[in-house]
Every structure is written in C-alpha cells, then in structure tokens.
Amino acid sequence: MFSLTREPIDTARISRSLQQPEDGALVVFEGIVRNHARDKAVRYLEYEAYESMALKKLEEVGTTARSRFDIRDIAIVHRLGHMEIGEASTVIVVASAHRGAAFEACRFAIDTIKEIVPIWKKEFYTDGEVWIEGAR
Amino acid sequence: MSIRVLFFASLADAAGTRERTVEAAGITDVISVFDRCTADAPALESYRTSVLLALNSEFARPSSPVRDGDEVAFFPPVSGG
Numbered sequence: 001m002f003s004l005t006r007e008p009i010d011t012a013r014i015s016r017s018l019q020q021p022e023d024g025a026l027v028v029f030e031g032i033v034r035n036h037a038r039d040k041a042v043r044y045l046e047y048e049a050y051e052s053m054a055l056k057k058l059e060e061v062g063t064t065a066r067s068r069f070d071i072r073d074i075a076i077v078h079r080l081g082h083m084e085i086g087e088a089s090t091v092i093v094v095a096s097a098h099r100g101a102a103f104e105a106c107r108f109a110i111d112t113i114k115e116i117v118p119i120w121k122k123e124f125y126t127d128g129e130v131w132i133e134g135a136r
Numbered sequence: 001m002s003i004r005v006l007f008f009a010s011l012a013d014a015a016g017t018r019e020r021t022v023e024a025a026g027i028t029d030v031i032s033v034f035d036r037c038t039a040d041a042p043a044l045e046s047y048r049t050s051v052l053l054a055l056n057s058e059f060a061r062p063s064s065p066v067r068d069g070d071e072v073a074f075f076p077p078v079s080g081g
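As they're listed, the protein sequences go chains A and B. By the numbering used here, the letter at position 35 of the first sequence is numbered 35, and the numbering carries on one by one without gaps. By the numbering used here, the letter at position 5 of the second sequence is numbered 5, and the numbering carries on one by one without gaps.
Source of the hints: derived by calculation from the structure; they are not laboratory data. Where hints are given, some of them may not hold.
Sample of chain B residues at the chain A side, in silico, Cβ under 10 angstroms [said to hold, decoys possible]:
#1 Ser2
#2 Leu6
#3 Phe8
#4 Ser10
#5 Ser50
#6 Ala54
#7 Asn56
#8 Glu58
#9 Phe59
#10 Pro62
#11 Pro65
#12 Glu71
#13 Phe75
#14 Val78
#15 Gly80
Simulated restraints on C-beta separations [what the hints assert, rightly or not]:
#16 B/Ala41 with A/Arg16: 46 to 52 angstroms
#17 A/Arg107 with B/Asp13: 46 to 52 angstroms
#18 B/Ser50 with A/Asp111: 16 to 22 angstroms
#19 B/Asp13 with A/Ala97: 45 to 51 angstroms
#20 B/Thr17 with A/His98: 37 to 43 angstroms
#21 B/Ser63 with A/Ala97: 42 to 48 angstroms
#22 A/Arg38 with B/Glu19: 26 to 32 angstroms
#23 B/Gly16 with A/Thr5: 28 to 34 angstroms
#24 B/Ser2 with A/Lys40: 52 to 58 angstroms
#25 B/Asp68 with A/Glu7: 22 to 28 angstroms
#26 B/Phe59 with A/Asp10: 29 to 35 angstroms
#27 B/Glu19 with A/Pro8: 25 to 31 angstroms
A virtual CB, placed ideally from N, CA and C, is assigned to each residue, including glycine.
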C-alpha cells in the first residue's frame, strides 16, 4: 500500500492491515516532525509534493524493496500539508518472516524516499520560513 | 508545440507560479523549456545547476526530447521523509 494523505497517519491501522499469519516480524518506521533544525527552533512544517510522480516513486521504492530483500510486503504513507511538532510525516511498515530483512528493507525505503521521491519540506521558525533542499 | 510546465518548492517561488504553458517554436528538449521559462522569470537562472528535471512524471536529462502535450517539471533536490 502506497499513498499520500493530507490527514494524520494512523500507523496502527496500517500495521494491522499489512500483517498476515505468516509474518514473524513487523518493522515500523515513523518520520516525526522535530522541534529543531540547523540550530533553529522549528514551529511547524509544511510538505508539498509533485503528487503524480511522488506516488509513482513511492511504488518504485516499495517494488525495489520487495525484490531486493526477503520481505513479504511493505506499506509506505507520506503525509502532505501542515504538520505540528511530534506528528508523523512518513510511515513505513515492513512485514516479513524474519526480522533481518525487514529492518534492512525499512532502512532502504526511508533512505531512498529521501533521494528520489519528489516531496519537499518547508520549515517555519519564529522569524521566517525556508524551503529545505535535500542533498543531490 | 504546447508543453505544460510545473514548478515546485523554491522553484515555484522563483518562477512566481506553480504552473504555466510554454508554446513556442524552438522548444526541442527539457532544457530549452527551462531556458524559455528563465527568459520570463530571471530568478530561475540561479537554480540552473541544481534543478532536477522531470518529463511526464519521470526524472529526465537536460537533453531529453519533448513532444507536444508533454508535462515538464522543475524542482529542487527532494527533502521529504
């Protein structure tokens, strides 16, 4: 399951819907809005996406994870719009028979999202706002 | 030749718009679309070396050819997750 949403992400619901009796491991990653960045206090964030391409790239990340690691399934949800400190911007859930592949696939998925999925973060401070650019 | 052009994040700020149409002779590849947009919005020029290019929702090269009806997007290195 790969999706973009403008609502708070229900991580427990995603985990429940992914999990099957043959799974021995469920690895859950939440990317959380943090209250500081580059020595500045962050008040809140906004995310925007090139939605049609972002969805396609999320699916590509998931498909690659499934082919590269011995996992059964993976779900990725990225939230867009306004987010407060402590809210989840990204949720990845990986299900597999054994834990090793699930941890590795989850790490691969979040690292690859940060490289190829066209989504951008804007940080809002007390004295302004800045679009954050990733590393090329 | 009509190309739909999308701008995201800091590139949208520099372009002064999130979307426009480029209709011109001489548009042959993705970078010529960027050149055309830069002529109208000079603030885009400073992004020339860092901009990421997409053609019909897939990463593209400056020399990727464009056809009538294509969608081209310009955006900075991604920062999601």
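Here is how each hint holds up against the structure:
1. Hint status for serine 2 of chain B: violated, given a least beta-carbon distance of 19 angstroms to chain A, over 10 angstroms.
2. The interface hint given for leucine 6 of chain B holds, since its Cβ lies 7 angstroms from the closest Cβ of chain A, which is under the 10 angstroms cut-off.
3. Taking 10 angstroms as the C-beta cut-off, the interface hint given for phenylalanine 8 of chain B holds, the closest approach to chain A being about 5 angstroms.
4. Residue-level restraint check for serine 10 of chain B holds (minimum Cβ-Cβ distance to chain A is 4 angstroms; threshold 10 angstroms).
5. Taken as an interface hint, serine 50 of chain B checks out: its beta carbon lies about 7 angstroms from the nearest beta carbon of chain A, inside 10 angstroms.
6. Interface hint status for alanine 54 of chain B: upheld, as the beta-carbon distance to the closest one in chain A is roughly 6 angstroms, under 10 angstroms.
7. A cut of 10 angstroms between beta carbons decides the hint on asparagine 56 of chain B: the least distance to chain A is about 9 angstroms, and the hint holds.
8. Here the hint on glutamate 58 of chain B is kept, as its CB sits about 7 angstroms from the closest CB of chain A, short of 10 angstroms.
9. A least Cβ separation of about 8 angstroms between phenylalanine 59 of chain B and chain A falls short of the 10 angstroms threshold, and the interface hint therefore holds.
10. A least Cβ separation of about 15 angstroms between proline 62 of chain B and chain A goes past the 10 angstroms threshold, and the interface hint is therefore violated.
11. For proline 65 of chain B, the shortest C-beta to C-beta distance to chain A is roughly 19 angstroms, which exceeds 10 angstroms, and the interface hint is violated.
12. Residue-level restraint check for glutamate 71 of chain B holds (minimum Cβ-Cβ distance to chain A is 9 angstroms; threshold 10 angstroms).
13. With its C-beta approaching chain A no nearer than about 6 angstroms, phenylalanine 75 of chain B sits inside the 10 angstroms limit, and its interface hint holds.
14. Interface hint at valine 78 of chain B: satisfied, since its Cβ lies 5 angstroms from the closest Cβ of chain A, which is below the 10 angstroms cut-off.
15. Taking 10 angstroms as the C-beta contact cut-off toward chain A, the hint placing glycine 80 of chain B at the interface holds, the least distance being around 3 angstroms.
16. Taken as a hint, the range 46 to 52 angstroms holds for the pair alanine 41 of chain B and arginine 16 of chain A, whose Cβ atoms sit roughly 48 angstroms apart.
17. Checking the proposed 46 to 52 angstroms range against arginine 107 of chain A and aspartate 13 of chain B shows it is violated: the Cβ atoms sit about 33 angstroms from each other.
18. Hint check: serine 50 of chain B to aspartate 111 of chain A, Cβ distance near 21 angstroms, so the stated range 16 to 22 angstroms holds.
19. Here the CB-CB span from aspartate 13 of chain B to alanine 97 of chain A is close to 48 angstroms, well matched to the stated 45 to 51 angstroms.
20. A C-beta distance of roughly 50 angstroms is found between threonine 17 of chain B and histidine 98 of chain A, which places it outside the suggested range of 37 to 43 angstroms.
21. The beta-carbon spacing between serine 63 of chain B and alanine 97 of chain A, approximately 46 angstroms, falls within the hinted interval of 42 to 48 angstroms.
22. The given range of 26 to 32 angstroms is respected by arginine 38 of chain A and glutamate 19 of chain B, whose C-beta atoms sit roughly 31 angstroms from each other.
23. Remark: the range hint 28 to 34 angstroms for glycine 16 of chain B to threonine 5 of chain A is upheld by a beta-carbon distance near 29 angstroms.
24. About 43 angstroms separates the C-beta atoms of serine 2 of chain B and lysine 40 of chain A, a value inconsistent with the hinted range of 52 to 58 angstroms.
25. A hinted range of 22 to 28 angstroms for the beta carbons of aspartate 68 of chain B and glutamate 7 of chain A is inconsistent with their spacing of about 38 angstroms.
26. For the hinted restraint 29 to 35 angstroms between phenylalanine 59 of chain B and aspartate 10 of chain A, the CB-CB distance of approximately 31 angstroms keeps it satisfied.
27. For glutamate 19 of chain B and proline 8 of chain A, the Cβ-Cβ distance of about 28 angstroms falls inside the hinted range of 25 to 31 angstroms, so the restraint holds.
Checked against the numbered hints given earlier, the structure breaks hints 1, 10, 11, 17, 20, 24, 25 and satisfies all the rest.
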